[in-house]
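Build the full structure now, drawing on both the sequences and the hints.
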Amino acid sequence: MEVRDDFQVVYQVDKGIHIDLFDEVLKKSGLQKQVLSALLGLDPRTIDNYRNKGRSFGALEGELLLKLNELFEFGAEVFESSKVFRDWLHSPAFAFDNKQPLDFLKSNTGVELVMQALLRIAHGYVV
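In the working numbering, the protein residues as written are 35 to 161.
Hints should not be assumed to be uniformly reliable.
Stated by the list, open to error - Straight line, CA to CA, 25 Å or less: simulated BS3-like cross-link-like pairs of lysine-lysine:
| hint | residue 1 | residue 2 |
| --- | --- | --- |
| 1 | Lys61 | Lys49 |
| 2 | Lys61 | Lys87 |
| 3 | Lys62 | Lys117 |
| 4 | Lys49 | Lys133 |
| 5 | Lys117 | Lys61 |
| 6 | Lys140 | Lys62 |
| 7 | Lys49 | Lys140 |
| 8 | Lys49 | Lys87 |
| 9 | Lys117 | Lys49 |
| 10 | Lys117 | Lys133 |
| 11 | Lys61 | Lys140 |
| 12 | Lys133 | Lys62 |
| 13 | Lys87 | Lys67 |
| 14 | Lys62 | Lys49 |
| 15 | Lys117 | Lys67 |
| 16 | Lys87 | Lys117 |
Said to hold, decoys possible - Label pairs and their in silico Cβ distance ranges:
| hint | residue 1 | residue 2 | range |
| --- | --- | --- | --- |
| 17 | Glu114 | Arg79 | 14 to 22 Å |
| 18 | Asp82 | Lys140 | 16 to 24 Å |
| 19 | Asp131 | Arg89 | 33 to 41 Å |
| 20 | Lys87 | Asn132 | 35 to 43 Å |
| 21 | Gly158 | Asp54 | 34 to 42 Å |
| 22 | Ser125 | Gly158 | 33 to 41 Å |
| 23 | Gly88 | Lys61 | 28 to 36 Å |
| 24 | Leu94 | Gln150 | 15 to 23 Å |
| 25 | Lys140 | Lys61 | 15 to 23 Å |
| 26 | Lys140 | Gly88 | 43 to 51 Å |
| 27 | Asp48 | Gly158 | 32 to 40 Å |
| 28 | Tyr159 | Lys87 | 39 to 47 Å |
Please keep in mind that the hints were generated in silico from the structure rather than gathered at the bench. In this text, all values refer to a predicted model and were calculated from it rather than measured experimentally. We put the CB at the ideal spot given by N, CA and C, even for glycine.
Here's what the structure looks like:
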C-alpha cells in the first residue's frame, strides 16, 4: 500500500488500517514483532488480539503504521537495499544527536524527521 500524500493517509485511516499492514511492515523492516509493536505503543499480545478478532488499528496507530510503511519503502529505495537501510537505522547519526534514527520512529513527527534525513541523503548530503 503506497501512501504518498496526507489526503491519502487520512482517507486510509478513516477506512481502517487492517492487521495485514503490520505484517507487511514487519517483513519490510526486518524488525522483531516486539520492536514494531513498541514503536506503535502497543503490546505484541494486543497485535495478536487484533489479528484474532479481525480488528483494525485505531487512527493514531494506523497513521503511524502507514508512515512507517512508506519510510521503509523509501529507505530501501534510497539505500538501494533494505538491509543497508536497516543498518543505517541502527547506527548513531549526527543529524539525530548521535542517536539511532530507529529511536525516532515512535511518533509521526519522528518518522517525518527520519524521512527528511533520507531526502537529504537522496540528494547527496551527509547526514
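Checked hints:
1. Lys61 x Lys49: 23 Å, holds
2. Lys61 x Lys87: 22 Å, holds
3. Lys62 x Lys117: Given that 25 Å is the threshold and the Cα spacing comes to 10 Å, the pair holds.
4. Lys49 x Lys133: With Cα atoms ~35 Å apart, Lys49 and Lys133 exceed 25 Å; violated.
5. Lys117 x Lys61: Since the Cα atoms of Lys117 and Lys61 sit roughly 12 Å apart, the hinted pair holds (cutoff 25 Å).
6. Lys140 x Lys62: 17 Å, holds
7. Lys49 x Lys140: 22 Å, holds
8. Lys49 x Lys87: At roughly 17 Å apart (the allowed maximum being 25 Å), Lys87 and Lys49 satisfy the hint.
9. Lys117 x Lys49: 32 Å, violated
10. Lys117 x Lys133: The given pair, whose Cα atoms are some 19 Å apart, holds under the 25 Å limit.
11. Lys61 x Lys140: With a Cα-Cα distance of about 18 Å, the restraint between Lys61 and Lys140 holds, given a limit of 25 Å.
12. Lys133 x Lys62: 22 Å, holds
13. Lys87 x Lys67: 18 Å, holds
14. Lys62 x Lys49: OK: Lys62 and Lys49 at ~23 Å, within 25 Å.
15. Lys117 x Lys67: 17 Å, holds
16. Lys87 x Lys117: Given pair Lys87, Lys117 is violated - Cα atoms ~33 Å apart, limit 25 Å.
17. Glu114 x Arg79: 14 to 22 Å: 36 Å, violated
18. Asp82 x Lys140: 16 to 24 Å: Given about 21 Å between the Cβ atoms, the range holds.
19. Asp131 x Arg89: 33 to 41 Å: 37 Å, holds
20. Lys87 x Asn132: 35 to 43 Å: 42 Å, holds
21. Gly158 x Asp54: 34 to 42 Å: 36 Å, holds
22. Ser125 x Gly158: 33 to 41 Å: 19 Å, violated
23. Gly88 x Lys61: 28 to 36 Å: 20 Å, violated
24. Leu94 x Gln150: 15 to 23 Å: For Leu94 and Gln150 the Cβ distance comes to about 21 Å; the hint holds.
25. Lys140 x Lys61: 15 to 23 Å: At roughly 20 Å between Cβ atoms, Lys61 and Lys140 fall inside 15 to 23 Å, so the hint holds.
26. Lys140 x Gly88: 43 to 51 Å: Roughly 26 Å apart at Cβ, these two residues miss the hinted range, so it is violated.
27. Asp48 x Gly158: 32 to 40 Å: At 38 Å between Cβs, range holds.
28. Tyr159 x Lys87: 39 to 47 Å: 45 Å, holds
Of the numbered hints given earlier, the model fails hints 4, 9, 16, 17, 22, 23, 26; all others are met.
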